[in-house]
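Q: Below, each chain spelled out in residue letters.
There are 2 protein chains.
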Amino acid sequence: MKICSPEKTTLGFIGTGVMGAPMANHLLKAGYQLYVHNRTASRAQALVDAGATYCETPGEVAAKCDVTFAIVGFPPDVESVFLGDFGIIASSKPGSIIVDMTTSKPDLAVQIAAAAAAKNVIALDAPVSGGDIGARSGALSIMVGGAKDAFDTILPLFDLMGGNVVYQGLAGSGQHTKMANQIAIASTMMAMCESLTYAKHAGLDPETVLESISKGAAGSWTLTNLAPRVLNDDYAPGFYVKHFIKDMQIAIDCSAAMGIPTPGLITAKALFDKIANEGFEDKGTQVVIKAYGSW
Amino acid sequence: MKICSPEKTTLGFIGTGVMGAPMANHLLKAGYQLYVHNRTASRAQALVDAGATYCETPGEVAAKCDVTFAIVGFPPDVESVFLGDFGIIASSKPGSIIVDMTTSKPDLAVQIAAAAAAKNVIALDAPVSGGDIGARSGALSIMVGGAKDAFDTILPLFDLMGGNVVYQGLAGSGQHTKMANQIAIASTMMAMCESLTYAKHAGLDPETVLESISKGAAGSWTLTNLAPRVLNDDYAPGFYVKHFIKDMQIAIDCSAAMGIPTPGLITAKALFDKIANEGFEDKGTQVVIKAYGSW
Numbered sequence: 001m002k003i004c005s006p007e008k009t010t011l012g013f014i015g016t017g018v019m020g021a022p023m024a025n026h027l028l029k030a031g032y033q034l035y036v037h038n039r040t041a042s043r044a045q046a047l048v049d050a051g052a053t054y055c056e057t058p059g060e061v062a063a064k065c066d067v068t069f070a071i072v073g074f075p076p077d078v079e080s081v082f083l084g085d086f087g088i089i090a091s092s093k094p095g096s097i098i099v100d101m102t103t104s105k106p107d108l109a110v111q112i113a114a115a116a117a118a119k120n121v122i123a124l125d126a127p128v129s130g131g132d133i134g135a136r137s138g139a140l141s142i143m144v145g146g147a148k149d150a151f152d153t154i155l156p157l158f159d160l161m162g163g164n165v166v167y168q169g170l171a172g173s174g175q176h177t178k179m180a181n182q183i184a185i186a187s188t189m190m191a192m193c194e195s196l197t198y199a200k201h202a203g204l205d206p207e208t209v210l211e212s213i214s215k216g217a218a219g220s221w222t223l224t225n226l227a228p229r230v231l232n233d234d235y236a237p238g239f240y241v242k243h244f245i246k247d248m249q250i251a252i253d254c255s256a257a258m259g260i261p262t263p264g265l266i267t268a269k270a271l272f273d274k275i276a277n278e279g280f281e282d283k284g285t286q287v288v289i290k291a292y293g294s295w
Numbered sequence: 001m002k003i004c005s006p007e008k009t010t011l012g013f014i015g016t017g018v019m020g021a022p023m024a025n026h027l028l029k030a031g032y033q034l035y036v037h038n039r040t041a042s043r044a045q046a047l048v049d050a051g052a053t054y055c056e057t058p059g060e061v062a063a064k065c066d067v068t069f070a071i072v073g074f075p076p077d078v079e080s081v082f083l084g085d086f087g088i089i090a091s092s093k094p095g096s097i098i099v100d101m102t103t104s105k106p107d108l109a110v111q112i113a114a115a116a117a118a119k120n121v122i123a124l125d126a127p128v129s130g131g132d133i134g135a136r137s138g139a140l141s142i143m144v145g146g147a148k149d150a151f152d153t154i155l156p157l158f159d160l161m162g163g164n165v166v167y168q169g170l171a172g173s174g175q176h177t178k179m180a181n182q183i184a185i186a187s188t189m190m191a192m193c194e195s196l197t198y199a200k201h202a203g204l205d206p207e208t209v210l211e212s213i214s215k216g217a218a219g220s221w222t223l224t225n226l227a228p229r230v231l232n233d234d235y236a237p238g239f240y241v242k243h244f245i246k247d248m249q250i251a252i253d254c255s256a257a258m259g260i261p262t263p264g265l266i267t268a269k270a271l272f273d274k275i276a277n278e279g280f281e282d283k284g285t286q287v288v289i290k291a292y293g294s295w
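Residue numbers (the numbering used here), protein chains in the order written: chain A, 1 to 295; chain B, 1 to 295.
Calculated directly from the structure, the hints in this document are not laboratory data. Predicted model, so just to flag it, every value in this text is computed and none were measured. Careful, some of the hints might be misleading.
Remember, identical chains collapse to one label, so a pair may be satisfied in a single copy or spanning two.
To be verified - Taking lysine-lysine and the DSS-like style, the derived pairs with C-alpha atoms no more than 27 Å apart in a straight line are: (1) 242 x 290; (2) 215 x 242; (3) 200 x 246; (4) 290 x 200; (5) 269 x 8; (6) 215 x 148; (7) 274 x 200.
Bound-form chain A, shown alone (with noise of 0.2 Å):
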């Protein structure tokens, strides 16, 4: 399968909740034969309704399909997927395309990589940036591992469901970028909440520095984004504390195994630990203002 396309291609979709349901929309839409499979079926109905097929396991699935896709919680979540007994490389055609979009550990990816071309099978890690915002709107950035040739094959689609879509490298890459991102955002995470509650507490007006602060050296995303949603005390989730806690303690493991140091890193997850432990796990990572106690 060298070229993809609605005529010749079929394709599958694992995990369809709030990020997995809007991406496998993207594909449905430019036409595409889809195959669906969730552990909660309901979740899926819509996708179902739209004109994909539901199938009972990853491996049901997979062996349909010519690229099956995957995006689902953990890494446990990914290992049962991927490598169980009714998973996807356990039932993948030789020559097909698996993708896992999880993020998840960069040592898992490259295992399932070695796992699925023992079946001849082509395993890329391409996890995502851009939350459920960014996939309504296919606007996700995309950060690809694995094989060249069988990315370039499946550019098309990543395209259908990503804006910033690029190649890092071989197996385990793509997540290994990932992880540089969740470092990224946890430091800038600190640099918003003490910068906001330093505000505060010197009876400045907080949304007034932000129009001083946040376009200039100090800015950043978060400012721009979540430091409004703190000032109208709003900690609905576009990305969990829960997830970014997984992802974080993946970075931190990596690094030290490395054997390099994330001062900042390590300094983040503490405050998000805490937060977690008071009961916010399931809001969003701009509750971690709380952690600074006066919010």
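Based on the hints, put chain B in the right spot on chain A.
A: Frame of chain A, contents of chain B only:
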């Protein structure tokens, strides 16, 4: 003085270094009569050649001017220039406006405003962000504290030097806003360093990683503008390590006085102290990447 114009208003500028010289030049070019002073007189020569008049002391400048600006180095310099025997306040005309644009201590700004008020002079604190590039292009962010009517009176002058001029509140509020700005920068610098260090050690191409991460939720001015300098081994000062350390120390002291935690700021400050101790204090802040040991 309620209207500011080249015909009616005489201006002073003290501190004509890498920031002050281009800022003063915008005033001169707008047609204002300008008196200048600098500790090292030779660094005011270009302004004198362009039409400014040199004075031997800050007080001599202030005695001649309706509005006197200063941008010098450290809080002791501010104290000497404003409160010293040959300083601005000792010689200012009643009804004149004096403006400290140095990044300095908020409580020193309050002290200067009180000393000025006792002589019927109005003091504003108006630190800037944007570096020498912003100073040259007239695009500085200017954060202003002090009497609102004095701010309104000289807003046309601020607008000659800045692109984002915002009134933040009573005396000291400009300095507090600048501290909120520097606090935001501090942790965002760690975000950049740790992300790049991770990417490099994970075997990725940091430049390609930036393509994936700099435009999304991990994005920041720092990542967009300073990370490429790091990748080019360019540590020339846009903003000096030694000045940033001064600012962070003021922010830490103020935060401690308010009783608010700043774990990110404190962690970042330690990294910059390390770099300064290793001889990098006259480099640009992006050199803090070297605190991570492997760049």
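Q: Sort out which numbered hints this structure fails and list those numbers smallest first.
A: Hint 5 is the one this structure does not satisfy, whereas the remaining hints hold.
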